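Student: If you want the building blocks of each chain, they are given just below.
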Amino acid sequence: MSKAFAFINDKRVRDVFYQAALLIGLAALLVYFIRNASQNMVQAGIASGFNFLWRTSGIEVPFVLTGYTQSDNILSLFWAGVANTLLVTVIALVLSTALGFLIGIARLSSIWLVQAIAGAYVEFVRNIPLLFFVLFWYFGVIAALPAPRESLSVFGVAFLNNRGLTIPLPDAGANLKYAFIAIAISCLLHWLFLRWARRRKEATGRDAPILRVGLVLLLLIPVLALTWASLATRWDIPVLRGFNYRGGFVVIPEFVALLAALVTYTAGFIAEIVRGGIQSVPHGQIEASSALGLRPGQTLRLVTIPQALRVMTPPMTNQYLNVLKNSSFGAAIAYPDVVSLFMGSALTNTGQAIEIIAMTLALYLVIGLAVSAFMNWYNARIALVTR
Amino acid sequence: MKTFVLAAALFAAGTLAASAQQLAPSPTLDAIKARGHLECGVHLGLPGFSFANDKGEWTGLDVDYCRALAAAVLGDATKVKYTPTSVQQRWPILQSGQVDVLSRNSTITFSRNATLGLNFQGINFYEGQTFIVRKKANVKSAEELDGASVCVAAGSTEEKNAADWFRERNLKVTITNFQKNDDAITAYDSGRCDAYTAGVGALAGQRAKLKVPDDHIILTKPISNDPQGPVTRYGDERWQLIVRWVLNGTIAAEMLGVTSKNVDEMKANSKNTEVRRLLGAEGGFGAMMGLADDWMYKAIKQVGNYGESYERTVGLESPLKLERGQNQLWTKGGLIFTPPFQ
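Quick note, the sequences are listed as chains E and C, same order. Take 10 as the starting number for the first sequence in the numbering used here and just add one per residue. Take 14 as the starting number for the second sequence in the numbering used here and just add one per residue.
The hints are simulated quantities; they were obtained by calculation from the structure and are not laboratory data. Predicted, not measured: the structure shown is a model, and the values here were computed from it. Be a bit skeptical, because a hint or two may be false.
To be verified - Facing chain E, a subset of chain C residues (Cβ under 7 Å, in silico):
1) P97
2) Q101
3) W104
4) T128
5) G160
6) S162
7) T187
8) T189
9) N190
10) F191
11) K193
To be verified - Incomplete in silico selection of chain E near chain C, CB under 7 Å:
12) A56
13) T65
14) G67
15) A152
16) G251
17) N253
18) S354
No residue lacks a Cβ here, since even glycine has one placed at the ideal position from N, Cα and C.
Could you build the full structure based on these sequences and the hints that come with them?
Tutor: Dropping the structure here:
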């Protein structure tokens, strides 16, 4: 073989070549599928393209965070659905993590009864399909709430019935806005204070009054700000008129049922991850910390959990992504998430299945990748740092 | 030169004669004949329109249309395979060719016709949207629903109709959209909603699914007009012709007084030329579409005319007890009409 072609024998050149060939092949296949689908759709008289997004949607949504109304376009309907998906996902993530930690730690309790109950919960939850949870909470628990006229009243300002929880809404939000700004500033101050305290401790070894400052910045200031704001604001208090309470904001039962289902279900899996993580910490660490005179609570907080987190983070990422994907089970009980509104109502109204499903897939992919990226960053941050 | 012109003329005449015998190709009809049964898309379960009993036997007005079509095409009304479809599944299942025809109380609308690649082949039921409410709510008309919650199937015409109707009247109504009709009914029954909305005919059948049907009333005044009928996808004109004229044939039979009981006698003795053309005694109408000449004879003999079908499935002989109303023949004050068999 002539020297001009000697590069063929270079492993790096060949690797690049094979990978490039595979990539081009995949891209060509994708282009072929898209072209084929659009040609077939034109022939069958089915509309294609994304112009439908600017058509008026005409669909009424019972639970809106984005200010969407039925005279807005279909793209706004999509964002209304996205907001609802994100809302239920984020709240479910926080609550299921908290509940999962509690159950996971309870499984390792030295008290037999606590351990047995936690163990039974995990086994029960892991072996039942999520759809059952969703339907159970919706048709079993929420539907058993009283009708609007027999509502359960919470101090005469909030009302719970089978149409949801009606809560008062501030009429003019200016004062509340100042309160939230004040809370944000005090959170920022707290963070800066913690950084300063840590640096000082590393440098001089002196402790700062973390607890007292924390109480003031994170509890006292927010409570004062909110109390001032709510006294200075006019509230739109729900009143019973006709079929149901008027005014205020309604937290719909579909949201509560889906949230409860996601939290109770996911907590079972998170509990197992927590238990596994804690058990992965060598027993010698715990013995060493008690030899140093740390109390059991301190051992758990300062020795066990920081080391367990390293083991727990990758599987927790999986669970968090599952919560995001499982939120689509809301479609089974008419929770207006992106699947129910966009892949349900909008798809059947416009018939543009390919575009709508592609957009929904892309959305889940983007949110999922964002969650993974955050968890990877966190994982890298808590990884064992050797100095 | 002369011989060339003569040859060309002969050739043209020959092709013309040949093409007069030839029918436009119909892949759908060929496929049905080859597989030996008709594929018909129907509702998941709507008493009176398409409903399967515990033995898996389908009955209803929309099912009867499928049976008449199978009788006309294959000579046997039982050669139908029913595919139950939800609100969301119905269009893709037709567009993708999984069913030959969709007969599933679906409203004919402009945008469905223009953008979904669907053709509507006539009207077999004039539906009007209304509400079912609890008797103890003491509601007499839809205008009194201000402040109420309404359950509805997502993606249906009712979902948009209701939203528009209440907004135009400045009534604040919460609409909760379920993926399936049955889920919406269950939620209404469990107290989640004050009303459930669907067509008058659909509600008459669905009412039976409630725990205590007598505790509920159907509001009489409809808020919209929803004509419904068999649907085909774009393309295959000859198949669309068959779907359209089998429906017309069942209506024509009622107008001409042909029933499943007297069809033999009418075919043999009727002097009315339209009856004779309809039943294949003269005119050769079946052959023009590539069917047997007794296509409508078979359909009427096995399934009955439109009126017989109506009374048996949704009318006074059925549990739904719906009056003919708008669904009476145009000659008797209704809207049901067919162009002539000429």
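Student: Now, for every hint given, state plainly whether the structure supports it.
Tutor: Right, here's what the structure says about each hint:
For P97(C), the shortest C-beta to C-beta distance to chain E is roughly 16 Å, which exceeds 7 Å, and the interface hint is violated. For Q101(C), the interface hint holds, the least distance from its beta-carbon to any beta-carbon of chain E being 5 Å, beneath 7 Å. Taking 7 Å as the C-beta cut-off, the interface hint given for W104(C) holds, the closest approach to chain E being about 6 Å. At about 4 Å, the closest approach between the beta carbon of T128(C) and any beta carbon in chain E falls short of 7 Å, and the interface hint on this residue holds.
The restraint placing G160(C) at the interface with chain E holds, with a minimum CB-CB distance near 4 Å, inside the 7 Å limit. Among the interface hints, the one on S162(C) holds; its C-beta lies about 6 Å from the nearest C-beta in chain E, closer than the 7 Å criterion. Nearest Cβ of chain E to the Cβ of T187(C): about 5 Å, under the 7 Å cut. The hint holds. For T189(C), the interface hint holds, the least distance from its beta-carbon to any beta-carbon of chain E being 5 Å, beneath 7 Å.
Interface hint status for N190(C): upheld, as the beta-carbon distance to the closest one in chain E is roughly 6 Å, under 7 Å. Annotation: interface hint on F191(C) holds; nearest CB of chain E at approximately 5 Å, less than 7 Å. Against a cut-off of 7 Å between C-beta atoms, the interface hint on K193(C) is violated, since the closest Cβ of chain E lies about 9 Å away. Because the smallest distance between the Cβ of A56(E) and any Cβ of chain C comes to about 4 Å, under 7 Å, the interface hint for this residue holds.
Taking 7 Å as the C-beta cut-off, the interface hint given for T65(E) is violated, the closest approach to chain C being about 10 Å. Against a cut-off of 7 Å between C-beta atoms, the interface hint on G67(E) holds, since the closest Cβ of chain C lies about 4 Å away. Proximity of A152(E) to chain C holds as hinted, the smallest CB-CB distance being about 4 Å (cut-off 7 Å). With its C-beta approaching chain C no nearer than about 4 Å, G251(E) sits inside the 7 Å limit, and its interface hint holds.
Of the supplied interface hints, the one on N253(E) holds, with its beta-carbon coming within about 6 Å of a beta-carbon of chain C, less than 7 Å. Interface hint at S354(E): satisfied, since its Cβ lies 4 Å from the closest Cβ of chain C, which is below the 7 Å cut-off.
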